[in-house]
Every structure is written in structure tokens, then in C-alpha cells.
Amino acid sequence: MATKPQVNINEDYDRLYGFHVPERSVFKAEPGLDETKVKQISGMKGEPAWMLEQRLRGYRHFMRKPMPTWANTDLLNSIKFDSIYYYLKPTAKQGESWEDVPAEIKETFDRLGIPEAERKFLAGVSAQYESESVYHSMHEDLQKQGVIFLDMDSALKEQPELVRRYFGTIIPPADNKFAALNTSVWSGGSFIYVPKGVRVGMPLQAYFRINAKNMGQFERTLIIADEGAEVTYIEGCTAPTYSSDSLHSAVVELIALPHAKIRYVTIQNWSKNVYNLVTKRAVAHEGATVEWLDGNLGSKLTMKYPGVYLMGRGARGEVLSVAFAGSGQHQDAGAKMIHAAPDTASVITSKSISKGDGRTSYRGLVKVHAGAERAKSTVRCDALMLNEESRSDTYPTMEIDEQRVQIGHEATVSKIGDEQLFYAMSRGLTEPEAMMMIVNGFIEPFVKELPLEYAVELNRLVQLEMEGAVG
Amino acid sequence: MTEFNLTTIDQTARRLNEPAWLIELRRRSLARHAELAWPHPSDDIWRRTDVRLLDPAQGFAPTAPELLARVALSDAQLASFTRPLGEERLIVRVNGSFLSPPPAMDHLRVEELGRAAGARPEAIRRAIEADGLTDAEQKLASLNLAFHHDDVALTVAPQAGPGAPIRLVRIMAVRPQQAVFPLTVITIGAGSAVTLIDEYVSVPEAPGTGAPHLVNGRIEIVLEQNASLHYVRLQRLDLHAREFLLQRATLAQGTTLTMTNINLGSALTKAHVMTKLVGPGATAKLYGFVFGHGAQHIDQHTLQDHRAPNTVSDLQFRAALQDESRMIYTGLIRIAKAAQQTNAYQANHNLLLSRTARAETIPMLEILADDVQCKHGASTGPIDEEQAFYLMSRGIPRERAQRLIVMGFIEPIVQQVAFAPLQERLRRELEGSLSDGG
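Those protein sequence lines, which keep their order, are chains A and B. For what it's worth, this note's numbering labels the leading residue of the first sequence as 1, then goes sequentially. For what it's worth, this note's numbering labels the leading residue of the second sequence as 1, then goes sequentially.
Check each hint, because a few of them may be wrong.
Far from chain B, some chain A residues (derived; all Cβ distances over 10 Å) [claimed, not checked]: (1) Pro-31; (2) Trp-50; (3) Leu-76; (4) Asn-77; (5) Ser-154; (6) Tyr-166; (7) Glu-227; (8) Gly-228; (9) Arg-263; (10) Asn-387; (11) Glu-399; (12) Gln-420; (13) Met-425; (14) Arg-427; (15) Glu-444.
Under the rule of at most 27 Å between Cα atoms (straight-line distance), these lysine-lysine pairs were calculated in the DSS-like manner [unchecked claim]: (16) Lys-37/A to Lys-80/A; (17) Lys-375/B to Lys-448/A; (18) Lys-196/A to Lys-45/A; (19) Lys-448/A to Lys-376/A; (20) Lys-285/B to Lys-415/A; (21) Lys-196/A to Lys-177/A; (22) Lys-196/A to Lys-144/A; (23) Lys-80/A to Lys-177/A; (24) Lys-367/A to Lys-337/B; (25) Lys-337/B to Lys-415/A; (26) Lys-39/A to Lys-157/A; (27) Lys-300/A to Lys-337/B; (28) Lys-375/B to Lys-376/A; (29) Lys-45/A to Lys-177/A; (30) Lys-300/A to Lys-177/A; (31) Lys-376/A to Lys-261/A; (32) Lys-196/A to Lys-37/A; (33) Lys-300/A to Lys-415/A; (34) Lys-261/A to Lys-80/A; (35) Lys-375/B to Lys-415/A; (36) Lys-196/A to Lys-157/A.
Stretches of chain A that chain B covers, calculated by requiring three or more beta carbons in the stretch to come under 8 Å of a beta carbon on chain B [as the list claims (entries may be wrong)]: (37) 388-398; (38) 402-411.
No lab work stands behind these hints: they were computed from the structure. These numbers were taken from a predicted model, which means no experiment stands behind them. Heads up, the beta-carbon is just placed ideally off N, CA and C, and yes, glycines get one too.
Required output: the full structure, derived from the provided sequences and hints.
Have a look at this one:
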């Protein structure tokens, strides 16, 4: 028999990502939220009046909207909105090149490997630290083609027309409590505009990190792919380990105009005291494709249901996700596909693994509106349970108001088969190696869609999480 | 006018000559109903049906004793509902009374609940107590427990051999706006094997008025150790009926239940079909078929509740929907931590036969044990054009080809009915009611 290593998962997280450098913010609002603070944030940023209006509308809806009654109400109701810092400005001005970025922030990102990744693979990179983007660059040839890749605050200044035209059109301030909160206090995030027919060959990347404790991070991302354009966007997230909890509540809106293609990749590895409550939604017009690749490894509670509204004939949506819940974690993730036009197609593939007393839940919706003839949708959810205390739930909803459709759903929940283990071990693998191999095979459909360096990273993260799983 | 209050409870209980504890349970249930809130629309299990339509306080009247005496059924109607299928043991109840004294049969006792509650209080109390029901379920089920009147206890003694199938036909002749509360408690003794067909028919006295009537039913099935039951529920309510049904089965160690629910009638149905596997090695095979037509609204919830190790459940619910009918299926497999080595399956397939039919399906899993095999599948779509084309290329006209395909869709469920003459009748009935053109 193989030895059974006892590993505290958080220990590894601390060493790799849990570091924090002393906070040195230029401006830190008082904790808690009221209208004055919302005005203060907008004022500090020198925003146009319409954005302040939008923020105030968001604030009012946030105060009025009830907490969601699903997922994990105990955890949700334990969030202390009054002790959260809603805005932190880490440095006075945004650096143009890596050298301009203050030393302690640079140190943070060096440890995360950002500039190296940029040099090697990435077309553009934007890193968000606390609330605002501190560093941002993009290859010249993309700039020449008219691709705009800015942090959201700069975009509001430099591309006011584009921002105003699309901001909040997919996820309005009243959408849900956390989208309302984001609308009122958002800061940073990415703005991408890809002009007609331009295909961005290499992925654009952003990295988000929370450093201060009790900090809320509310980035706002808006991606517009004009007709026939193509873009892939990747974001990663981490936070140091503090004893008190942090809140991450992003809003991401994607707009794929006719025949455009957007692929959005997230690997979420927040530390295990972050509430990750985000709203992500896309609109796909005629012939357009939107793909969400969503990896959830970190956080205490994640509630995330990326959606695609298929609004034009032949639009296509795909969500491919992996969730890993270790002890003390609840990953409540899923997908929404709204078929509102004929000949639309959607595929949802969800792979989840729960370990220790971790809990994974798939929660999804496939809605076919009357008139969306020949719509096709396939949903497949597979769950692996590694321990007796693990829990796995599946809550899919299918609402079909059109006859000429093909809608299918399948789900399985199981543990690693003894025969599988026996087979691998009879070929000379130890039990942990055999389990790792089976888990790798289980998440393979997701991993093979990732860019190489992310696939390597994800495999390594899963390996870390898997340590101590035997027994 | 009679109302849903303590006076009605006392009248009903006195007429049925019930023991004190059962009357007390009725009274407590009414109080429970009053203190519970109606299900909230944010609850996924309830949001798609307007539960107020099932509230007797919205203009319905309880069944007064004088109504029971009047049977507005013609001999021809009665004969058509009670025509034997084959060699079954037939028991007929009309408006809460046995048509003829229940036959004295070996090992089988069929009696009114009040009598059983007097003779075996603990067993009956255990069967009908509300344990494990949600507040929302209790809101409606407590009405049945308060006002049940057409109630039957069917008890099979231990170690009884299979014998001929038992067929219990319940005929309810109802007036406009009447509310009826049938309750059935079925107990299969240890080691016995039985086939039971449980049929519900409602006949409005004045069908022309279009007024609804309310049927709030409850069925409790208890399988004692190593018992085996083939159970078929045939719902033939009138198309003006609004139905709430709570149907539960409790499976002890080593039991096998094969249950088929066939829904042919009612304007609106909200049915909760729940199976509790409480003993190791219990097996439940659960099948259901809904034939939706007209403006029917059928909301079907199922629960496969695995509480013991080595249990197996296999569920398959199918719906064929024509006209403007609407089917809602919500199903949950719940596997408790103790229920290791469990195998659970759940499938819901909906066939849309018209452009205005609708189907919603929410198959859910909550798994707290790790050493399990658990799967579910759901599909919704129209008739497969390739299949229709194949049949048409063999010279079969389109209408007939469609009917054949629908019959093929229904067949896996019909085949689970463990009584060949009933299978035959169901096929004939279903084929006859499929409208041409689809």
C-alpha cells in the first residue's frame, strides 16, 4: 500500500499565493457603503455624470434587493457589508511600463509570474491590484489594427462613447443584488473592443489580486467583438490568506456582434476566505459564438453562472467548467443558455470534484423561447466524490416553449471506481498516482481547451488539491 | 353552507366512527394547515403551478354526508368503470362506500381507515404521520389529514403468495365546486408479494357547467421486510378536476417496489410521488406516464430518498404532450451519508406533439455519500423526423406513422404494468385518444 500523506492544503496556498506585502494605498475609503461614498468614488475618478447616475441607481437596487435564497444562505447572510472596504486606490498613477510600477506591487506580480507570462505568450496584459489596474500594455500591431484593450477606468475616459453605448446593457443595475453592488462601487476591470473582422491571434490577459484584508474587489469587464472579430481573453485571480473574509463581486459583459467569436477563460484561485459572487453574461448575435471556460478552485463560496443569450439565428454558446471543492469550500457554479432565435445551439459541460467536506453544486438553466426553432442544447454534468464527507448536487432547469428542438441533459455522480484504481495500480502506479491520473482524465475535456501554460498551471493546482486525498 | 372547519371534521369523524386519536389528528392537522404559509413562488418545486387553485377556501365546499348518499351514476357508467380486465380481485367504492361488502380473502383485509385505526393504531399512525414532508407539502397534505372521508386501509398479511392482482376502483361522483379527500393506506406484510391496481375516477354530476372540483388525495404505501409490491395507479379524473396528490412509499430492508403512475385525466395536477428507502437492500422501480391533452397542466414532482446502504432506485417518467398541454417535471435524488453503495437513476423524457405544448424539466441530485452510482438524464423534443420518414417510406401514412412512434415512446412504461390485460386496455385507450396529425 502507498503511504497516505497528510497535507494541509492551505499551507501550500500560503507559500505560493498567500503572501501579502504591506498595504500602501494612496486612498482608502472608510468601510461600509452609503450614497456619499458612492459619490466620493465617482468624484475621485472624475467620472461623467451618467456614470454617477448609474452608480447611484446600482446602490439603490443593492439596498433594496433581497439576498439570493439558494446556494448557501448561511454563508451569504454572514457577509458583513458594513465592514468591507469598497474602494482602495493603490498607487497615484498607472504605469506605462513595468519599471514605473511601485516596487512592492511589482514584487507581488513578479511572484505571480505576470511579466514573464506576458513576454512569452501574451498579446496584452493588465493586472488589477486591489481596485485599479496598475500595469497595462499591449503589442503594437494590435494597437495598429484598432484593438482597444484598456482597464475600465481608462476606457471610460478614452472611449466614453463605446463604454456608454454598451455598459450595463447586458447586466442592468437591477439584475441581482451583487450586480447592483458592483454597479455602484465598480473599479477597474478590463475593456476590450475588437474592430470588424480583426482576429486577435494571441490571448489577452488580466490578473486580479486582493492584497488588503476586508477588501471588496468589484471589477467590471466589458468585451465587444464587432462583426466577424475574434478574441480570447484570460483572467486569473488570487488573494492572500487573511483571517477575515473578503468579497469579490465582478460583473462581466460580453457582446459578440454578428459572426464574431469570443472566448473567455477564467481560472479562479481565490484564497479560501473569499466570497466569489459574480455575474457573467454574454449576448451572441447572428452567427456569433461565445465560449466560457471556467475553472473554480479557490474561494470559500463561489456563485457563478456564466450565461449566453443567443439572440441571432445560428448563434452558438458553450460553457465548459471545472469546479474543485476542498474542505470548507462550496462551489455553486453552473451555466445559463437562453435560446431566443432559430438554429441556435448550446453545449454545457460541467466537471466537478468534491473532496473532504467540500461541496460542489451545478445549477443551470436552458430556456428555449417560442420561435427558436431547431434549437439544440446538450448539458452534461459529471461529478466525482473523493471522500465520505463530500457532497455533490445537481440542479438543472430546462424550460422549453418550442416544439422543434432537441434538448438533452445527462448527469452522473460517482466515486473513483475500484476497478479503475485496481487496473492502474496493477500496472505499477501507487494509489495516489493512480487517483491523480484518473482525476486528470476526468477534467481532460476542460484542460485540453486551455492555452498550454494555463493547462500546466491548472494541472499543478489540481495536483496540490489532490494531495492527501487517499484514505 | 358547510365550511372547512372543526364542525365538518367532527361530523365526518362521527359518521365514520373513528377512534379518538384519529379525530385528534384531524383537528391538529387543521390547525397545522392554518399556521403554515402557502408555498413561496421562489421555491423551484412549486413556482410553476398556482397553488391557490388547489386551496379549498377559494370557493370549494367540503363533502357533506347527504351528498354521499346520492349517487348520480347511471348503471351504464358504473358498468364501464368496473368492467373486469381479467382475473383480478375487484373491489369497488362509490362515493366513500363499498359497492358490495369487501370480499373476504385470505391474507387480505380491506376496510375503512377508522376501523383499521382502532385495531392497529400504531401502524396506521406511523404510516400517515407527516415526518419528512416539507412545510409546503404539509400545507396541502394537512387538509387531507383533516378532512379525509373516502379512506381505505388495505392490509396484506405477512408471507402471502402472489395470487390474482387486486384492483381497487374508487369512483367519486362530484358536484360543482365540491372538494373530496380520498386517503389510502396500503401495508404489505413481511415476505408477501402482491400486485395492486389503484384506480381513481371522478364523475361530475353536472358536467355542462364547466365548474371545477377539487381532489386532494393521499396514498401511503408501507412495505415490511422482504415484501414485494407491483403497484399501478391509474388516474382517470374528469377534465374539470384539480388534483393535489401526495403519494409515498416506505421501503424496509430487502423490499422491492415496482410502481407505475399513469395520468390520464384532470385539468390541473400537482403530484408529489416520494419513495423512502429506509432499509438496506431495498429496490424501487418507479415509472410514470402523462398523456397531456387540451389545456392540461401537470406538475409532477418525484423524490428518491435513499436513507440506507445498498439501495437501488430506477425512475423513468415520460410525457407525450399534445394541444396546449403543459408538463412540469421536478425530480430529486437524495442520497444520505449513510446510504453507501447506492445506485440511483432518474430519467425524464418529453415528447412534444404540438407546437403549443410545453415542457419544463428539473432533474436534481443531492448526494452526500461518496460510494454511489448516480445518474440522471432528461430530453425534450418532437417526433423524430427520421423515424417518421422511415415508416412513411414503407407506405404508412404520416398520421399513422406518428401514432406508431408515440405508442413506441409509451411502450417502455406500459410494459412495466404487471398485468397483461391492463397493458392491453391501456394501449387501446391511449392509441384511441391520440389525435390525428400530432
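Hint check results:
Listed as a non-interface residue, Pro-31/A keeps its Cβ farther than 10 Å from every Cβ of chain B; the least gap is roughly 31 Å. The beta carbon of Trp-50/A sits about 33 Å from the closest Cβ of chain B, which is more than 10 Å, so the claim that it is off the interface holds. Look at Leu-76/A: its CB is around 14 Å from the nearest CB on chain B, clear of 10 Å, so calling it non-interface holds up. Listed as a non-interface residue, Asn-77/A keeps its Cβ farther than 10 Å from every Cβ of chain B; the least gap is roughly 15 Å.
Non-interface status of Ser-154/A relative to chain B is upheld: no Cβ of that chain comes within 10 Å, the nearest being about 40 Å off. With a closest Cβ-Cβ approach of about 31 Å to chain B, Tyr-166/A is found to remain outside the 10 Å limit, as its non-interface label requires. Separation of Glu-227/A from chain B is adequate, the least Cβ-Cβ distance of about 32 Å exceeding the 10 Å criterion. No Cβ of chain B approaches the Cβ of Gly-228/A within 10 Å, the least distance being about 32 Å, so the stated non-interface status holds.
The beta carbon of Arg-263/A sits about 28 Å from the closest Cβ of chain B, which is more than 10 Å, so the claim that it is off the interface holds. Not every beta carbon of chain B lies more than 10 Å from that of Asn-387/A, the smallest distance being close to 6 Å; the non-interface claim is violated. Some Cβ of chain B comes within 10 Å of the Cβ of Glu-399/A; the nearest lies about 5 Å off, and the non-interface call is violated. With a least CB separation of 13 Å from chain B, Gln-420/A remains clear of the 10 Å interface cut-off, as annotated.
Consistency note on Met-425/A: stated as away from chain B, and its beta-carbon is indeed over 10 Å from all of that chain's, at 18 Å minimum. The Cβ of Arg-427/A lies farther than 10 Å from every Cβ of chain B, with a closest approach of about 23 Å, so its non-interface assignment holds. With a least CB separation of 20 Å from chain B, Glu-444/A remains clear of the 10 Å interface cut-off, as annotated. Distance restraint check for Lys-37/A and Lys-80/A: the Cα-Cα separation of roughly 17 Å lies within the 27 Å cut-off, and the hinted pair is therefore satisfied.
Taking the CA atoms of Lys-375/B and Lys-448/A, the gap is near 25 Å; set against the 27 Å cutoff, the hint holds. Simply put, Lys-196/A and Lys-45/A have alpha-carbon atoms about 31 Å apart, too far for the 27 Å limit, and the pair is violated. Between Lys-448/A and Lys-376/A the CA atoms are separated by roughly 24 Å; this keeps the pair inside 27 Å, and the hint holds. Between Lys-285/B and Lys-415/A the CA atoms are separated by roughly 23 Å; this keeps the pair inside 27 Å, and the hint holds.
The hinted pair formed by Lys-196/A and Lys-177/A fails the criterion: a straight-line CA distance of about 35 Å is larger than 27 Å. Simply put, Lys-196/A and Lys-144/A have alpha-carbon atoms about 14 Å apart, close enough for the 27 Å limit, and the pair holds. Taking the CA atoms of Lys-80/A and Lys-177/A, the gap is near 14 Å; set against the 27 Å cutoff, the hint holds. For the suggested pair Lys-367/A and Lys-337/B, the alpha carbons sit about 33 Å apart, so the restraint of at most 27 Å is broken.
Pair hint Lys-337/B plus Lys-415/A holds up; C-alpha atoms about 14 Å apart against a cutoff of 27 Å. At most 27 Å may separate the alpha-carbon atoms for a hinted pair to count; Lys-39/A and Lys-157/A meet this at roughly 17 Å. About 22 Å separates the Cα atoms of Lys-300/A and Lys-337/B, which keeps this hinted pair within 27 Å; it holds. Restraint check for Lys-375/B and Lys-376/A: the C-alpha separation of about 22 Å stays at or below 27 Å, so the hint holds.
Restraint check: the Cα-Cα separation between Lys-45/A and Lys-177/A comes to about 24 Å, which is no more than 27 Å; the hinted pair holds. With a C-alpha separation of about 19 Å, the suggested pairing of Lys-300/A with Lys-177/A holds against the 27 Å cut-off. Annotation: proposed proximity of Lys-376/A to Lys-261/A holds, straight-line Cα distance about 19 Å (limit 27 Å). Of the supplied pair hints, the one linking Lys-196/A and Lys-37/A is violated, its CA atoms being roughly 39 Å apart against a limit of 27 Å.
Between Lys-300/A and Lys-415/A, the direct Cα distance comes to roughly 23 Å. Compliance with the 27 Å bound is thereby established for this hinted pair. At roughly 39 Å between alpha-carbon atoms, Lys-261/A and Lys-80/A are farther apart than 27 Å, so this suggested pair is violated. Only pairs whose Cα atoms come within 27 Å are accepted, and Lys-375/B paired with Lys-415/A is accepted, the gap being roughly 12 Å. For the suggested pair Lys-196/A and Lys-157/A, the alpha carbons sit about 22 Å apart, so the restraint of at most 27 Å is met.
Coverage of the region 388-398 of chain A by chain B holds. Counting CB-CB distances below 8 Å, 11 residues qualify, and the rule asks for three or more. With a cut-off of 8 Å between beta carbons, the region 402-411 of chain A has 10 residues touching chain B; three or more are needed, and the interface restraint holds.
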